[in-house]
Structure formats: structure tokens, C-alpha cells
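Kindly produce the complete structure, drawing on both the sequences and the hints.
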Amino acid sequence: MTSECGGKSSWPELVGVQGTVAAETIKRENTCITIVDILLEGTIVTADYVSTRVRVWVDEKGNVARVPIIG
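Just so we're aligned, residue 23 is where the sequence shown starts under the numbering used here, counting upward by one.
Don't read these hints as lab results, they were simulated from the structure. A hint or two may mislead.
[Unchecked claim] Here are the simulated distance ranges between beta carbons:
no., residue 1, residue 2, range
1, Pro34, Arg75, 11 to 21 Å
2, Glu82, Thr53, 30 to 40 Å
3, Gly64, Gly38, 26 to 36 Å
Quick caveat: nothing in here was measured; it's all calculated off a predicted structure. Even for Gly, the Cβ is constructed at its ideal location relative to N, Cα and C.
Okay, structure coming up:
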């Protein structure tokens with residue numbers, strides 16, 4: 023899937039990868055992304071949509087727990 027700026031908008035292949043590695047991959051594969059938040063599963067966040075943000079949800083070991091998507 024591609025975003026409005028032509029880069030990727032989701033990264034299913036990153037599930038299970040270390041969160042910091044996933045964040046760098048996301049920034050490299052879509053240069054429109056300016057915010058990559060690494061968050062522990064269950065963290066309370068706002069429900070707003072930001073087209074330049076990806077939230078990387080990680081488990082207690084720091085591994086990606088959900089498919090990262092733009093929003």
C-alpha cells in the first residue's frame with residue numbers, strides 16, 4: 023500500500039523486529055514520515071490522524087507487536 027506522497031503506508035514485515043530497527047526502516051522507506059513514535063502496547067494515545075506519523079507498538083521486549091501504519 024502506498025501513501026499520498028508515494029512511499030509505503032504500512033509495514034507488515036516489521037512485526038517481531040526490534041522497535042528501533044523498525045523505526046529506522048520506516049523513515050528510510052518513506053521520506054514523508056517525520057514522526058515515528060515507539061510505544062509500549064497499551065499506551066494511551068490521541069485518536070487523531072497525522073499523515074506524517076507512524077506509531078510503532080512494541081511488546082515488553084521491545085519487539086514490534088502490531089503492523090506499523092501511517093496515522
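We went through each hint and held it up to the structure:
no.: 1; hint: Pro34 to Arg75: 11 to 21 Å; result: holds (18 Å)
no.: 2; hint: Glu82 to Thr53: 30 to 40 Å; result: holds (31 Å)
no.: 3; hint: Gly64 to Gly38: 26 to 36 Å; result: violated (18 Å)
Checked against the numbered hints given earlier, the structure breaks only hint 3 and satisfies all the rest.
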